[in-house]
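Enquirer: What follows is each chain in one-letter form.
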Amino acid sequence: STAQADDPIRIGFIDPLSGPFANVGDAGLKHFRFAADRINEEGGINGRQVEIVPMDNNQSASESAQLVQRAADRGIDFVAQGNGSDVAGAIIETVNRNNRRNPDNKLLYLNYAAVDPSLTNERCSYWHFRFDADTTIKLEALSNYMMERDDIEKVYLINQDYSHGHEIERRFQDLAAEKMPNVEIVGTQLHPIGQVRDFSPYVSRIRQSGADSVVTGNWGNDLSLLAREAEDAGLDVNFYTYYAGGLGVPAAIGRAGVDRVAQITEWHANVNVDEGHDEYREWVDAFKERYPDIDWYFHRVYNLMYMLKAAVEEAGSTDAEGVAAALSGMEFESHTGTITMRADDHQMLQPMYISIMDDEVEYDSENSGVGFRTLSRIEVEDATSATTCEMDRP
Amino acid sequence: MLVTNELHAYYGKSHVLRGVSMEVRAGEIVSLVGRNGVGRSTLCKSVMGLVPPVGDVHFDGRRVTGQAPHRIAHLGIGYVPEDRAIFPGLSVAENLELGVKRRGNGGRWGYRDVFNRFPRLEERRDTPAEALSGGEQQMLTMARTLMGNPRCIMVDEPTEGLAPRVVAELADLLKEIAADGIAVLLVEQKLSIAKQISHRMYVMGDGRIVFDGTPSQLEDSPDVRKEWLEV
Amino acid sequence: MSQETALALKGLTKNFGRAEIIRGVDLDIKANERHVIIGPNGAGKSTLFNLISGRLEATSGTIQLFGREIDGLPPHRVNRMGLSRSFQVTNLFQNMTVMQNLRCALLWSKGHKYAFWKLVNSQQEVTERAEELMERLNLTAKQHVPASLLTYAEQRALEIGATIASGAKVLLLDEPTAGMSRTEADDMVELIREITTDCTLVMVEHDLGVVFNLADRISVLVYGEVIASDTPEAVRANAAVQEAYLGTEVH
Amino acid sequence: MNTTQVQTGAAAGGVGRSIWVRRLWPWLVAVVIAMLLPLLVTSNHGLTMISHMGVMIIFALSYNMLLGNTGLLSFGHAVYFGLGGYMAMHMLRYIEATGFGMPLELLPVVGALGGLLFGLIFGAVSTRRAGVVFAMISLGIGEMVTASSLMFTGFFGGEAGLFGNREAPVSLFGIDYGPGRNVYYLVAVWALIAAVIMFLLRQTPLGWMANAVRDNPERAQFVGYSPQMVRFFQFVLAATFAGLAGGLFIVVDEIITDETVGMIQSGLVLLSAYIGGIGFFLGPVVGAVLVVFLESELSSITDAWLLYFGLLFVAVVMFAPQGLFGVAYQQVMSWRAGEWVRSFHARLYATSAMLVFVLALIAVIEKAYHVLRHWNPQEPMPLFFVTIDATSMVPWLVSFAVMAGALAVFFLHARPLLRRALDSGEGA
Amino acid sequence: MLETITFSLLNGLLYGMLLFMLSSGLTLIFGMMGVLNFAHASFYMLGAYFAYTMGLYTGFWVALFLAPIAVGLIGAAVERFGLRQVHQYGHVPELLFTFGLAYVVEELVRLFWGNTPMNYRVPEALDFPLFSLFGTNYPAFRVFVLVVAVSMFVGLYLLLKRTRAGLIIQASLSRPDMVSALGHNVPQVFMWVFAFGTGLAALGGVVGGIQLVTEPGMAFMMGPIVFVVVVVGGLGSIQGALIASILIGVLQTFALSVDWSLANLGMVFGYAVPPESFFATIWYMDSTRIAPMLPYLLLVLMLIFRPRGLMGKRES
Ligand SMILES: Nc1ncnc2c1ncn2[C@@H]1O[C@H](COP(=O)(O)OP(=O)(O)OP(=O)(O)O)[C@@H](O)[C@H]1O
Ligand SMILES: Nc1ncnc2c1ncn2[C@@H]1O[C@H](COP(=O)(O)OP(=O)(O)OP(=O)(O)O)[C@@H](O)[C@H]1O
Ligand SMILES: [Mg+2]
Ligand SMILES: [Mg+2]
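In order, the protein sequences belong to chains A, B, C, D and E.
Start counting at 1 in the first sequence, then tack on 326, and there's your number in the working numbering.
Start counting at 1 in the second sequence, then tack on 2, and there's your number in the working numbering.
Start counting at 1 in the third sequence, then tack on 20, and there's your number in the working numbering.
Start counting at 1 in the fourth sequence, then tack on 5, and there's your number in the working numbering.
Start counting at 1 in the fifth sequence, then tack on 8, and there's your number in the working numbering.
Only chain A is shown next, with the shape it has when bound in the complex (with noise of 0.2 Å):
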């Protein structure tokens, strides 16, 4: 758009931060607006400064779709948003509804956690960008992980009753069957999200089954109450999660966890540790420093300002179409390795880590006590997935 070459540029940070939700968009917020102040101290994306735009959605999608609007009322470039696949399909059918209607005020939209696979698939949109491994890729690394160990042998999942958890169900049961011999799937149970208090019976039908490891996309209360459950009725199976390793679950899951709950992240704090990235952990411990409540976790958004101000760079100008081409296909170099945007579906292809809890690690989560030790890290080939997104292309 017309913006002055002195004006900041703004991203709109669309997610809840207040209501129910509010610690996971506020955690969100404060990661952007961290790596917005570093670019900053930097010089800046071609001298500009970016500046951080927070939006309330109260994770309603339509609300968020009122918001893109006043976004692009307001002349923001990009909108930023993670939580809630609805939330991300009701921004990218907005913002594909805006650059069609507005033609000289068009939007991007970058995508930091929302992992539903249609997002880069039948819904797939040139102006969407995906920064986080999708559903389908986590689980294609996770069960590339899973076929190498033979301790796994009986899996149960248990998923919140949506989409996401529907995703992961069905994924991992075509995974198991195509290329997972040794894993027999003894159950699968879906719980309504988020209304659950008390999941002993759930936890019951785990140890009846037999299993000896649990994969699940809860977040949330869903997580820790269960895994706090599982803790308190003696129940001895692994956990592989999305989510454990943040926005509270550290905290409200404790010790129960230790050697008990996985996650699959496309990183995590002691990796830096592992690896010896020492620049990223200055990084890291700045941040927990400014908030002592909570720690750098998403790694994505880190790569996410930092290819947008090369993509910025690259095409001389904030302008959506410019900085569209440039993001697409984008290779980085980020801590953990070269990353890609992939030009088929702007679906970052990057390596992912399976780690657990652990209480003797240098980097504890959220103040916990206890953080994540890596147990594998799965390279980029091992986690990709095909796409079938058809992308319209100006």
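Treat the hints with care, as some may be off.
Said to hold, decoys possible - List time: in silico DSSO-like cross-link candidates among lysine-lysine, alpha-carbon distance up to 30 Å:
1) 635(A) - 614(A)
2) 162(C) - 228(B)
3) 50(C) - 162(C)
4) 189(C) - 138(C)
5) 15(B) - 162(C)
6) 189(C) - 162(C)
7) 480(A) - 505(A)
8) 192(B) - 228(B)
9) 162(C) - 133(C)
10) 372(D) - 614(A)
11) 635(A) - 432(A)
12) 189(C) - 130(C)
13) 192(B) - 130(C)
14) 192(B) - 177(B)
15) 177(B) - 169(E)
Said to hold, decoys possible - Far from chain D, some chain A residues (derived; all Cβ distances over 12 Å):
16) 334
17) 516
18) 654
19) 685
Claimed, not checked - If the Cβ cut is set under 8 Å, some of the chain A residues that face chain D in the computed set are:
20) 363
21) 366
22) 391
23) 395
24) 398
25) 411
26) 412
27) 415
28) 419
29) 489
Quick caveat, the hints were computed from the structure, so don't treat them as lab data.
For glycine and all other residues, C-beta sits at the position ideal for the given N, C-alpha and C.
Based on these hints, arrange chains B, C, D and E with the ligands on the given structure of chain A.
Expert: Chains B, C, D and E with the ligands in isolation, oriented as in the chain A frame:
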């Protein structure tokens, strides 16, 4: 025992009591008569503190104007309202229970005495009060107030809806109460009964007392009756 | 006086739990007669009214209105068949004005039912009839006063008005003069007499003045049973009635 | 409702004209405002907001048919709004897929039919009784529909909801409904039509009896009406209008998610209606406008917006139980009665004292948020055109002192003064 | 099978007891005073937060007593300065008042304690498995929950039987003027009952905050279910609330513990809905997925067929 002096009361902008001065002595039945809507019930309510009064109410020599109703009740004034203010949802026994004050004074009236007086109530002990017949509700309100053993009792149209036979019994009851040394203020529509049992009578008109005297004096003042009691 | 039976009760009983309140009432009330029911407190008079008007369901027995069975019907159905009642405790639409109360009482009988395609205010027939009623009740001056602000006597009058508005052929009035002074009661009796010239009246009353003034026939209900049903003179002379109801103090 | 006015108006045609003008002017004003608004509000976001206001107005008015007119407190009115919206969305998608010839202008009618359908179903089981029983049944139905929205993903589209494109259907008048402004006009026209109908419905026999049933269901039975049927009809009508609002909503947003049938939406409409004033036809209109405005604007101004939201509602409920419109109405009445002349200064005085208190309170809240929530409390904080350091004592002391002072002035001086000013009028 | 049944019963009972702790206060406030208190769960949340924070200084056992008292006093203040004023306007304003209050409380909790869950844990003294059944441990804390719930029930029961508070409140709902004319201080009774109710909610929070999670969203999540318990149990009846809590607890746990759908029933009669048809979703819906809906289904059915609830004496 109960004295009001220049008592005024308002409902919003309408000035209902315009300076009522009257007195009820212990052991005396005083009836208050007058046309409908003249403000007799309002007088009872302002003594009780249910309608904010302006002026003086003295009980037992203490000024009680402006005190909260429950305090006035604890001092020993009992009030039997006119509109059968039973508590729906509670049984007859529970209604009576609420009449008992924690710091009761003496205890001439307990469950036994009340049930002896009103055998119908005993039969219907556990019936929800709103299911009672009109007359039974009237009895219940009366009985409930007696359970608190007041030293002064204001009875607002107690005979409404009662069968003639029960009316006669009620008259006896009031006489008996007065004989125990309790001050009785009787607000009554039916002149015949009022005249039969009261020691003194007040006629109320235009928001103030317009006549004060014995029943026979009222009998002898046709002009008062004509002006203030008949239409 | 026609000899057609307006209301016929046969073997009517009503129990509340184990308490038998109405114990087999048989009563025929002729069309266009003024029938008064008296009896001691708690005898079951209001209960009887509740049974007839459909507010309560009878335990056994039948009720016929002009030969049609009405027991077991809900109140609004009974009302639509031409029977209307007033309450012992005033029971009006307190927030509505006099005019509105009367109009509401008229809507069904004028055939408007649950209509939501016509405006009340443009129904001339309803308006006219309501004005006529107000005139009769002497409430015209207060037509825009909400019912809750009327004096007691006016409320009772309005209660009667709302009861007769629908043009019911049988009226049940429960203690219409309760709480009124002598003169007001007399006015009320006149009003009732006027409006019941061409319909059947069944009334409960404790005020013997009113009873003997108005009644064509009197039934005495004691403990859920009719112990006498006769002309006023005969009832007054009946020893059992004196014993059970009038007590020593006969007026 | 002034009965004589109408009657003479209808009877005497000639004199009637001025009365009609008098009765019609609020509607004319509404039309004019509705038509002029887009001149003031030009951003896309603003247009969406005022369109939402229009939708919410219909929704809140339909809610008031239940609460205000019939005395039915519902915790699940959004069910009909949402299901109506879903029906309309399915129709929109059907049009998109097949090119079916239904014009966009009539799409809300599909929503209304959806509301009607579900109103019939759920109304049949819930209107037997009023009061708490009804309220709790509506809560239960609301929760059940919310829970099913995640189970029946075919209909509800899962948590991602359903999308549609409003440009797909034809237009009756050849209007291009891409731009938000044109959609706004569509909403405005529908809102006016719906408001007029709902206004007239209050004057029908059913509307009257709804009031009667609210006040005294027993008596209503004895004038020949079945309270259950009256409630049922009102319920179904209200659901129909809620469905209409839902249908319009999807035209504005082109997306519908399960939150439209949810508890929050149900709560919001209750708040809107009540805050505006359920005793007045225009009350819910005012409430709807305010709630939509606050919801969409306050959150972009302050972090503490939910707190303000809560405090505002508490304050309205405590101090203006007749609703904001009710307060305004009272003021107009007392202006007409000439009370303002006598008490103008006292009013001004009391209002300013209160205003000062509120401003000081806002200062305290903002500072608290700054100190407790900002990553760097030391950072200078802009507050009412000045910049302060929220961690130093001075600004805190100042605001607390101002707060206490304003309260003291209000209770000890201004309020008694105002009372006296008003009372002196009564005596006269 | 036996194992499933035993566990479902045990778990259901415990979950029911948690529900009861939450709803017993509401039985007083909503069931008896008729106040539709939507902020009830907010007081529950305050109880958890207060106990956590106090516990840091005083230890769990002192906090167990202090937190409910502190919250009860807050409740008293809310009644005295807020609800009392609103009470005269009727039920809807009361409801909205508490609605707004719930927002305010939640925001204040977020302001002071932050958005993340508290690290509020089982006290050491109770942190051991009490017994083991079919290989599953039973933590002592669960039994403690049971004990607290039962003592709450007994305490409440005695309060209502031994004092006239219950009668006074019920009578005041229809004729407050007459109750005061009989010598009862109605406003004060209301205030203390409300305070007591909120204190009970807080006690529920002290315990529930450990068993579940102490975070700012906890009130919002527990909101509607407590109304279900109170209404199903019958307004104003604590026995009813207890039975309803256990019923809902067991019902929900059973639905979660067995795989069951209408299709199973159909199979018994040799009938099946074709998987493609319109009703197939319902037909093949797992009982585990329907479980969260069950309390509300129970609520609606109960109100339709027995509006006064399980043990209620009067119809609302
Ligand atoms: N709550 C009220 N609000 C406004 N006016 C009232 C209220 N209560 C009573 N009034 C009016 O005050 C006047 C006196 O009422 P009050 O009930 O004291 O009369 P009363 O002498 O007891 O008559 P009654 O024979 O009807 O019992 C009446 O004109 C009545 O209309
Ligand atoms: N729903 C009910 N449950 C239990 N008992 C009831 C119920 N309704 C009425 N009764 C009892 O039935 C008896 C008759 O009551 P009813 O109201 O018919 O008397 P009544 O003849 O009208 O008396 P009154 O002249 O005092 O009004 C009373 O003793 C009453 O307590
Ligand atoms: Mg009186
Ligand atoms: Mg009777």
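Enquirer: So, for every hint listed, does it hold in this structure?
Expert: Verification of the hints:
no.	hint	verdict
1	635(A) - 614(A)	holds, 24 Å
2	162(C) - 228(B)	holds, 27 Å
3	50(C) - 162(C)	violated, 36 Å
4	189(C) - 138(C)	holds, 28 Å
5	15(B) - 162(C)	holds, 19 Å
6	189(C) - 162(C)	holds, 27 Å
7	480(A) - 505(A)	holds, 15 Å
8	192(B) - 228(B)	holds, 16 Å
9	162(C) - 133(C)	holds, 27 Å
10	372(D) - 614(A)	holds, 24 Å
11	635(A) - 432(A)	holds, 18 Å
12	189(C) - 130(C)	holds, 15 Å
13	192(B) - 130(C)	violated, 41 Å
14	192(B) - 177(B)	holds, 17 Å
15	177(B) - 169(E)	violated, 37 Å
16	334	holds, 17 Å
17	516	violated, 10 Å
18	654	holds, 24 Å
19	685	holds, 28 Å
20	363	violated, 10 Å
21	366	violated, 15 Å
22	391	holds, 6 Å
23	395	holds, 5 Å
24	398	holds, 7 Å
25	411	holds, 6 Å
26	412	holds, 4 Å
27	415	holds, 4 Å
28	419	holds, 5 Å
29	489	holds, 5 Å
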